[in-house]
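Using the sequences and the hints, build the whole thing.
Just so you know, the sequences run in chain order S and W. Going by this note's numbering, the residue at position 8 of the first sequence is 8; the numbering climbs one at a time, nothing skipped. Going by this note's numbering, the residue at position 855 of the second sequence is 1855; the numbering climbs one at a time, nothing skipped.
Hints were generated in silico from the structure; no laboratory data involved. Here the structure is a predicted model, which is why all the values come from computation and not from measurement. Misleading hints may appear alongside valid ones.
[What the hints assert, rightly or not] Capping the alpha-carbon separation at 20 Å, the derived lysine to aspartate or glutamate pairs in EDC-like fashion look like this:
#1 W:K1849 / S:E77
#2 W:K1764 / W:E1608
#3 W:K1849 / S:D58
#4 W:K1934 / S:D12
#5 W:K1621 / W:E1749
#6 W:K1934 / S:E77
#7 W:K1934 / S:D178
[Claimed, not checked] Output of the computed footprint for chain S on chain W, the stretches with three or more beta carbons under 8 Å from beta carbons of chain S:
#8 1517–1526
#9 1845–1853
By construction, the Cβ of each residue, glycine as well, lies at the ideal position given by its N, Cα and C atoms.
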Amino acid sequence: MNMITAKDLCRDFKLGDGTTFRVLNNIQIEIPEKKLAILRGPSGSGKTTLMNIIGALDMPTAGTVTFDGKNITAMSEAKREQLRRRDIGFIFQSVSLIPIMTAYENVEFALRMGGGKMSKAETKARVTECLSMVGLAGRMNHMPQELSGGEQQRVAIARAIAHRPKVIFADEPTAELDSLTAKAVVQIFKKLVEQEQVTIIMTTHDVGLMDMADVVYMLEDGEIVKNG
Amino acid sequence: MLRFMIQKLTHKKWMVLSLLIGNILLIAVAASIPMYKNASLQRMLTDEFQTYFEENNVNPGIMVLSASIQKQYGKSAFLKMRNYESEILKELGLTPAEKYPVTEYLFLNPSGAEPLFKRSDENSSRKLQFSALTDLEDHIEIVSGRMYSDQITEDGFIEVIVSTSCFSDQALLVGDEFSFKGIKDADGKPRKVRVVGVFQGITDEDGYWVKSSDYYHDDIFVPVSLFDSQFLDQSGKLYISGYFYVRYDTQKVAFEKSSFISEKLSRIVEDNDDLYTSIQADALQEILATYLDKQDRINTTLMILQVPVLVLICAFLFMISDQMLQMERNEISQLKSRGAGRLQILLIYLLQSLLLAGVSLVIGIPVGMVFCRAIGSSNAFLEFVSRRNLRISVDREVWIYCAAAFFVSVCMTVLPVIGYSKVTIVSLKRSKSRSGKPIWQKFFLDFLILGVSLYGYYSFYRQRDDLYAQVLSGASLDPLLFLSSSLFILGAGMVAVRLQPILVKLLYKLLGRILPPSEFASFLQTIRTGRRQYFIMIFLVLTVALGIFNATVARTIISNAERNIAYVNGVDVVLQEHWNDNSAQIRAGMAEKLAYTEPDFGRYESTEGIDKLTKVYHYEKVYSPSIKGMGVDANSIKVYGINTKEFGEMTDLENGLLPYQYRQYLNVLATNQNAVLVSSAFRDTVGLKLGDKLTLTGGIDGKTSTSFEIYGFVDYWPGYVPTDISVSENGTVNVTPNLMVIANFGALEERWGKVPYEVWIKLKDGVSADSVYDTIVEQKIDLDSFTDSTREMRNVRKDTLYQGTNGILTMSFIIILILCVVGFLIYWILSIRSRELLFGVFRAMGMAKNEILRMLIGEQLFSSVPAILLGVGVGWIASRLFVPLIQIAYASKNQILPLKILTENSDMMKLIVIIALMFLICMIILARTVFSMKISQALKLGED
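This is the structure:
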């Protein structure tokens, strides 16, 4: 079954001089559930834009996106916020942790956002579990600036997974990491897909990571050129 | 380098704007100090002339030089004085009046005038004097006959004209001719005159007539030129006198020359005081003395009132430039790494602050003038009325102040750079991972400041009596006192800010687990990034605290002055009518005992504008045999006789001054005709107790002894001054208790006889005492005295000292408020800017824009509400501690009532409204920023 289906997606950006620039052109994409999917392509190819649209962060100029059977392009902003809170986790290229919160609180915050009613003990258990999954159980009470880049990214993963979303979007999560750390991160992704039954969609231009993915989409000049 | 600077400036326009605002305020405040001081001192001096005129009905702008020629000494003294009329103003540095700068009144001493043709009905000879008055011709109208000519007639007569009063007093007719045996012409023949006209002075408003034309009732006037040629030039034998009226422009008497003028004038007056000459300038001397008496005190007080706000502006500048530098740390470290020296970096910032200070100078001076006008038109705290403008000028002193402010501003913005210019990329990275407490918390600077201020408070508190004495003898208050109050507010404010995180943490412990995510994030933001908020929180605390403190000082000082004036006056108007007595009959042997005829009291009751009135017997210096030899002057008792009911209806005392209700004392007094109330000062000096008999000797003859019984003691009584305070030359304060007795009106009248009583009057609202005076005079009532107490009351708020205090405290508060708003906005704008990526993350996680806004508002509330509450606390404590001390600067001998510290609710409301408005503006800006934010754009920021 497909987690996400996008049909005839177009996205135009208005430029300063009044002309429009088409970033995505008639995209058709189907992403199966509980798989690690990689969206690759050179920079400027529209990966982030596509990700933002199928992640309910941005609206397409034309076309529809179906997320877990629901048409998110027809949803109100509030509904889409709700969707993002419950069913989606985001991981960004640069460090996106909340700087004023410890690793533990960052993860806990995602749980709060998810809105599920959990007891104090359950919350603690889940946060610890998520941080253990990324191998950071021992550094729970550190502030983000006290962690290395790789560690911070792993906290971001733990946070993205904490509220048991259906899909995790990871935009260039390895761009700022060395290749060894990057591999380790993708390893964690693979583990998560298995353990947490989650769909993970990540963008990258690192060719070395492609063979670890279940599905690979190639984006070039705003169009999907190769599937798989 | 210049390009780098300009780029930098345009990049951080918000920061630059707030630096600019701070700079402009600094320059403006600095410029307004001398501007306002000089303008208001000038106004005060000019007002003194006006007041003198109103109170004495004498034009103070005239000096009278006089001289006379005595036979045996010749006319040198006279001529010297006549020459001096054009010199004296130059010597004193005064400007001659535009109209009639000098007029001369010359006269030959009266001598016998023999009529050439005696009419049957007239006395033989008259005492007439030849006179001449400068420009007389232009200020009279001839009511009979014609104008004189300036030549001697062919038949040898001098033509003269006379005033109507002379005409009637001396029973003259036009055409009368006289000869003067005592005054001879060049040939030795007696002078002959012919009266050719009678005149009446034209009394217009231009002040030509020093004395009205009626004054000249034995003067026969000739033209000045004729007087000179016929009498003066050949005198030596004649007694000629001259009054030289020298008029100067009172509006142009410059206050800065006042002490020079005063000293010089005394010397001139002394030097010219001999048998033949004298100079009279009493009005000017008196006015200058009154002015100089107040000048120093006002001067210093006004200046030191500005100190706190200046310090705050400097702190603001320092903090803003420090913030700006923090943002520019990267650039500085990059510059350093590329090989720029520390000096070069300093130079860039020096250039930048010179540019800013320069722009501020151009804008600041006009703004300073606006401040100055605002201060000049303040009526109460945060209250302005339109009043005649101050004459504001930008003089050398203003430039000096501006230059100093310019220098300070450059220092404040460049000094922090020194620290930052050491930063390299490496040390920057290292320091970024640390975030400790601010320096002042680490070294307990706040406690140090608080300690210093409390020490200041303590030492001033201990010597407050000495301070009072100093102020009464004309000294100004120690500026350090004002400084310690400012330091207290600053120190206490900083200490209070330490409490804020504790408060928020406490709240967090209570609510943390159950809060929705946005409030949870606000909490953490407030707790974890407190350090950056200290800056804005301190400003909030200071704004609120200083607002309360300034409002309290302003209100308390004014109300204290007004309360005391109202108390000392007792009622609006006290008048005493002239009573006829039978002393003429006694002298003629037709009566033995002195008796007065009481005028009709009913006339006052029907006088328009009077609300209530009562008769009061008022005896000064009554003798009491009961206290003879008890160490006080037994002849110094004031005795009042009152009608308790009427008196009680028109007077009042504040609650709390007496142990029982004021009216109860009146009731007790009314129970027994023999009862008296006695002042506590009286009781304490001679040791009286309730029920004691007190014998007083007074009455119409001053010899009637009457025994009274003491029914009560009073510390305060309408109009009663418990102690007389006088300051001797060497500055010691002498306190003499006032012995006062209040008796029943009826009892006094019965025992001591009917003597002239005072009429105490309470006016209807909005009626001026002047109009009542006019009405009374119209009824041809002959008044011995009329004391209007309302004028003093009306003048309190116009008084330079009070008005300046009000104005400066208000302006300071407004400036602090501006700083606070600017600081608040800049803080939040920066805070949002620096967190745009974070907001993007929040939005991606599904947070709605509303929630983000709520989060920001939550943060504001967590940091601001405690700060405001703490500010209220600090302001309240500071007021209670320091207002009683600051009040001393405004002390007067009339300080009788206990000081009441007054914080008006309406002021607090204004404060709250203004701060709420500030929040509202801030929130609107926040909301706009948040709602215009695009997630995808915010997130992209992170990808660069």
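Unmet hints by their number, sorted upward, for this structure:
7
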